[in-house]
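We have chain U already, so just place chain D on it with the hints.
Protein sequence lines correspond, in order, to chains U and D.
Counting along the first sequence from 1, when you hit position 8 you're at 7 in numbering that gives the first Met the number 0, and nothing is skipped either side.
Counting along the second sequence from 1, when you hit position 28 you're at 27 in numbering that gives the first Met the number 0, and nothing is skipped either side.
By construction, these hints were calculated from the structure, which means they are not laboratory data.
Ideal Cβ placement from N, Cα and C applies to all residues, glycine included.
You can trust all of the hints, since none of them are fake.
In silico EDC-like pairs for lysine to aspartate or glutamate, Cα to Cα no more than 16 Å straight-line:
no.	chain 1	residue 1	chain 2	residue 2
1	D	K112	U	D82
2	U	K34	D	D152
3	U	K158	U	E182
4	D	K233	D	E13
5	D	K185	D	D125
6	D	K170	D	E210
7	D	K113	U	D82
8	D	K112	D	D146
9	U	K238	U	E182
To give a feel for the contact side, a few chain D residues facing chain U, derived at Cβ under 10 Å:
no.	residue
10	M29
11	N135
12	D146
13	Y150
Listing some non-contacts, in silico: residues in chain U with all C-beta distances to chain D over 10 Å:
no.	residue
14	D21
15	D39
16	H133
17	A184
18	V253
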Amino acid sequence: MSWHFERVAGPHDGHTGGVVWDGGAVIYSAVLEAKLYRYDPANGVTRPIRAFTNRVNGLGLSAEGTLYGSQEGSRRIIEMMPDGSAIPLEPWLGGARINYPCDLTVDSHGRIWFADPYNPLPSHGPQVFPDLPHASVLRLEHHPTSHAWRIKRMTLDTKVPRCVALSPDERTLYVGEGDLASEGARELRAYPINAEGMLEAPRLLHSFARDQRGSQRGAEGIAIDAEGNLVVCAGSDDKGPGALIYVFSSTGRVIESHPFPGGAPMRCAFGGADRNDLYVTSATGGLWRAARTGRTGYVRPFVRH
Amino acid sequence: MGMYVEVLDPGMHEVADPEPPLVEIVRGLMFGEGPVWDQRNKWLYYVDIIGDKVMKWVPGVGSQPVLVPSGHLNGMTLDNENRLIIAGWSSRNIWRLELDGSLVSLASHFEGKKLSTPNDICIKSDGSIYWTEMQNGLLIPGMEGHDVQRYLDWQGVIRLGTDGSMKALAKDFAGSNGLCFSPDEKRMYVNDTPRAHIRVFDVLPDGTFGEGRIFYTLIGHETGHADGMKVDVKGNVYCTGPAGIHVIAPDGTLLGRLHIPGTGTGCTNMAWGDDDWRTLYVTTRNSVFRTRLKIPGIPVGPAAQGAAR
Numbered sequence: 000m001s002w003h004f005e006r007v008a009g010p011h012d013g014h015t016g017g018v019v020w021d022g023g024a025v026i027y028s029a030v031l032e033a034k035l036y037r038y039d040p041a042n043g044v045t046r047p048i049r050a051f052t053n054r055v056n057g058l059g060l061s062a063e064g065t066l067y068g069s070q071e072g073s074r075r076i077i078e079m080m081p082d083g084s085a086i087p088l089e090p091w092l093g094g095a096r097i098n099y100p101c102d103l104t105v106d107s108h109g110r111i112w113f114a115d116p117y118n119p120l121p122s123h124g125p126q127v128f129p130d131l132p133h134a135s136v137l138r139l140e141h142h143p144t145s146h147a148w149r150i151k152r153m154t155l156d157t158k159v160p161r162c163v164a165l166s167p168d169e170r171t172l173y174v175g176e177g178d179l180a181s182e183g184a185r186e187l188r189a190y191p192i193n194a195e196g197m198l199e200a201p202r203l204l205h206s207f208a209r210d211q212r213g214s215q216r217g218a219e220g221i222a223i224d225a226e227g228n229l230v231v232c233a234g235s236d237d238k239g240p241g242a243l244i245y246v247f248s249s250t251g252r253v254i255e256s257h258p259f260p261g262g263a264p265m266r267c268a269f270g271g272a273d274r275n276d277l278y279v280t281s282a283t284g285g286l287w288r289a290a291r292t293g294r295t296g297y298v299r300p301f302v303r304h
Numbered sequence: 000m001g002m003y004v005e006v007l008d009p010g011m012h013e014v015a016d017p018e019p020p021l022v023e024i025v026r027g028l029m030f031g032e033g034p035v036w037d038q039r040n041k042w043l044y045y046v047d048i049i050g051d052k053v054m055k056w057v058p059g060v061g062s063q064p065v066l067v068p069s070g071h072l073n074g075m076t077l078d079n080e081n082r083l084i085i086a087g088w089s090s091r092n093i094w095r096l097e098l099d100g101s102l103v104s105l106a107s108h109f110e111g112k113k114l115s116t117p118n119d120i121c122i123k124s125d126g127s128i129y130w131t132e133m134q135n136g137l138l139i140p141g142m143e144g145h146d147v148q149r150y151l152d153w154q155g156v157i158r159l160g161t162d163g164s165m166k167a168l169a170k171d172f173a174g175s176n177g178l179c180f181s182p183d184e185k186r187m188y189v190n191d192t193p194r195a196h197i198r199v200f201d202v203l204p205d206g207t208f209g210e211g212r213i214f215y216t217l218i219g220h221e222t223g224h225a226d227g228m229k230v231d232v233k234g235n236v237y238c239t240g241p242a243g244i245h246v247i248a249p250d251g252t253l254l255g256r257l258h259i260p261g262t263g264t265g266c267t268n269m270a271w272g273d274d275d276w277r278t279l280y281v282t283t284r285n286s287v288f289r290t291r292l293k294i295p296g297i298p299v300g301p302a303a304q305g306a307a308r
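Just chain U, with the same shape it has in the complex:
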């Protein structure tokens, strides 16, 4: 079935980024405005809910409802508390500063998997800490005895990780690798997660192409539907097949593709009472919705550990 996209909020100054459904409304990030907004589909009202975010991009909710943000401008993940405060999580990997986290997802153990690429726009203020010698998918998790956050490096083969998502059974990590600036691979990869929680060699689900106009833009955001398919934001108006929302099977077959009218799509999340509307952020700075997609978003069940 074809999807009809409408812009329901924005535009904003600069691109929009992270987007999550909080159970009743959509929370999304206007990255360069340094604000989070909440769009309530019940009344169509959009209001700012947090300011001074210093380039928070990708957002993620834990199964318990804790909201995390990838704060590119400060090179860390923050936990955004209901009282309005923001707690910085561990930003050091082996004593070195992590790069510029841009996207994250939280598993049922409360571990935060995040993409940690480089960023051409430096962090705020003086540049004290160099970038890591690698740009990887990293994972924040609690130390088993002290409970303090610590970071583990998960991928060894990424150069430009841009987005992450977990399969419903949490046995696969999907990673969008590559951007247009890097001239490298732009791939959608599936990394098996082994019994120790570490990643095995990835399966290549899809490789984004080149054409007479150059390399096509790869995956920037992934949502998972209830059947375990991947809904992926990729492409741009000026190259190849255009700005698209793809639906890939877990083996990489393209099941559907939907032209996206809002310029290069950034990140997406299912929402609505039945979780069958898709919300998409974009390079042109709005929040877009395709209502009644015929697909239902996967909801991670809450498990108390």
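Leaving out everything else, chain D in the frame of chain U:
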């Protein structure tokens, strides 16, 4: 090796000899700041913001810890009872370090909202405290406090009166940073880091600000920006900036620049010190230097009473 003194106006010859001594007394810091000379004990306090400590450098002895970890404190001065008064930066308080070692909060909220990151601080002779409200400690990697959310939607200057009252004196800064009084305390200089200039405000009898205007705009393409700022007894203003420290006459004329070598990361702040207040201690990102100049600076602490003012 002496310090290179760049002379841009003949008045600079009264400020510094051609090659005054420049000695690196501390090195290995991650972000040096907050220097203040304790004349009673004859040592220099300073901080390492990212290294998360308050230290003291004792001549002939070296550096010793004062407060570790510190909560990423920043600018410091001394009150007339010789207690450190501290701009708490990432710890989002104005602190007083009591002589028994306990830390007392003098301010944590303004009109019900948590302070951003108090940057630098000074005390008027009547005991009122002035500091710059700035956001940067919430944003810069390595300076994380417990809460990195900003609540106040402006940056500027706050005055805390001796009666405990607080008032915002300026709210229109892009990044308020260094601040200091003129010797007669009738004017206050406040610099704005992103705008690379110093503003000067008339100080009214009640301690609030009157008219303000741009006093000086930083020049130079070298490393460095407007950060710490101090005044000598003749009213010359010393401000960190490209190449090191800019020395500006009270009429706004740039007299010259003190070139602080080494790290390529710029100066962060300075403090007058030693018995004659003619030593200038300079913090950079990684080090603390000391040099000798010709005009005494404004004393701080108990020595401030009965001094030039």
